[in-house]
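S.K.: Those letters in the sequence shown? Residues 7 to 154, by the working numbering.
The hints are simulated quantities; they were obtained by calculation from the structure and are not laboratory data.
What you are looking at is a predicted structure, and each value in this text was computed from that prediction instead of being measured.
Keep in mind that a hint or two might mislead.
Here are the simulated EDC-like pairs of lysine to aspartate or glutamate, each with C-alpha atoms no more than 16 Å apart in a straight line [unchecked claim]:
id	residue 1	residue 2
1	Lys95	Glu65
2	Lys121	Glu41
3	Lys50	Asp64
4	Lys95	Glu41
5	Lys95	Asp141
6	Lys121	Asp102
7	Lys99	Glu55
8	Lys95	Glu55
Cβ-Cβ distance ranges computed for the label pairs, FRET-style [as the list claims (entries may be wrong)]:
id	residue 1	residue 2	range
9	Pro144	Thr80	24 to 30 Å
10	Cys115	Arg37	33 to 39 Å
11	Ala52	Arg124	21 to 27 Å
12	Asn79	Arg125	26 to 32 Å
13	Asp141	Tyr32	39 to 45 Å
14	Asn116	Gly61	16 to 22 Å
15	Asp141	Thr29	45 to 51 Å
16	Gly101	Asn54	27 to 33 Å
17	Pro144	Lys114	24 to 30 Å
18	Arg58	Gly132	34 to 40 Å
19	Thr28	Asp138	24 to 30 Å
20	Ser51	Pro31	34 to 40 Å
21	Gly78	Lys114	34 to 40 Å
Note that CB positions come from ideal geometry on N, CA and C, so glycine has one too.
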Amino acid sequence: MSHSYTKQPLSLLKKAPSSSSTTKPYIPDYRLAFEHFCIHATSKSALNELQRNLGLSDENMEASRATLHRFGNTSSSSIWYELAYQEAKGRVKAGDRVWQLAFGSGFKCNSAVWKSIRRIGPLQAGVNPWLDCMDRYPVALNHPLNFH
7 MSHSYTKQPL SLLKKAPSSS STTKPYIPDY RLAFEHFCIH ATSKSALNEL
57 QRNLGLSDEN MEASRATLHR FGNTSSSSIW YELAYQEAKG RVKAGDRVWQ
107 LAFGSGFKCN SAVWKSIRRI GPLQAGVNPW LDCMDRYPVA LNHPLNFH
């Protein structure tokens with residue numbers, strides 16, 4: 007018994023035309039939506055790329071870099087150390103919005119947005135892992151990004 011196979015035209019296998027190489031994707035200015043950022047401190051290179059791709063400043067990344075420096079990669083729990091850093095520095099005021107962003111294996115990514123109902127000052131932070139060393143942070147952490 008003979009089988010005949012139909013060959014598909016090559017035009018069906020071609021990629022759809024891509025948008026112009028000069029068109030950049032829209033990236034919102036997250037600094038308008040949030041006052042504080044707690045981004046999973048996985049590694050220096052990951053933080054550099056997230057900073058660049060999200061358009062964040064060095065100040066926005068300070069808590070993440072300090073957490074990575076002091077505690078290393080503590081997995082997604084690093085976002086809580088970062089929030090504690092912001093509180094110990096006395097930066098979180100009533101009405102401020104905090105974006106916590108954490109990553110897992112594969113395509114996992116979770117985020118939470120918190121709105122502060124009151125100011126948390128350094129003396130109100132209670133048991134805070136940063137209180138014994140706040141005078142040493144931020145440290146000069148080298149990275150290739152400059153935001154002017």
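S.K.: Hints first: check each against the structure and report whether it holds.
M.R.: Evaluated hints:
Between Lys95 and Glu65, the direct Cα distance comes to roughly 12 Å. Compliance with the 16 Å bound is thereby established for this hinted pair. For a cut-off of 16 Å, the pair hint linking Lys121 to Glu41 stands: about 10 Å separates their Cα positions. Our distance criterion of 16 Å between C-alpha atoms is met by Lys50 and Asp64, whose separation comes to about 13 Å. Only pairs whose Cα atoms come within 16 Å are accepted, and Lys95 paired with Glu41 is accepted, the gap being roughly 14 Å.
Proximity of Lys95 to Asp141 is assessed by CA-CA distance (about 10 Å); at most 16 Å being required, the pair is judged to hold. Our distance criterion of 16 Å between C-alpha atoms is met by Lys121 and Asp102, whose separation comes to about 6 Å. Only pairs whose Cα atoms come within 16 Å are accepted, and Lys99 paired with Glu55 is rejected, the gap being roughly 28 Å. A hinted pair counts as satisfied when its Cα atoms are at most 16 Å apart, and Lys95 with Glu55 does not qualify at roughly 25 Å.
Separated by about 18 Å at the C-beta atoms, Pro144 and Thr80 break the suggested range of 24 to 30 Å. A beta carbon spacing of about 20 Å between Cys115 and Arg37 contradicts the range 33 to 39 Å that was offered as a hint. The beta-carbon spacing between Ala52 and Arg124, approximately 32 Å, falls outside the hinted interval of 21 to 27 Å. The hint said 26 to 32 Å for the Cβ distance between Asn79 and Arg125, and at roughly 30 Å that hint holds.
Taking the beta carbon of each, Asp141 and Tyr32 are about 41 Å apart, inside 39 to 45 Å as hinted. Taken as a hint, the range 16 to 22 Å holds for the pair Asn116 and Gly61, whose Cβ atoms sit roughly 21 Å apart. The hinted range of 45 to 51 Å is satisfied by Asp141 and Thr29, whose Cβ atoms lie roughly 47 Å apart. For the hinted restraint 27 to 33 Å between Gly101 and Asn54, the CB-CB distance of approximately 30 Å keeps it satisfied.
Judged by the Cβ atoms, the range 24 to 30 Å given for Pro144 and Lys114 holds: they are separated by roughly 29 Å. Checked against the hint of 34 to 40 Å, the C-beta distance between Arg58 and Gly132 comes to roughly 35 Å, which is consistent with it. Checked against the hint of 24 to 30 Å, the pair Thr28 and Asp138 fails, with Cβ atoms roughly 51 Å apart. Range check, Ser51 to Pro31: about 21 Å between beta-carbon atoms, so the 34 to 40 Å window is missed.
In this structure, Gly78 and Lys114 break the distance hint of 34 to 40 Å, their C-beta atoms being roughly 20 Å apart.
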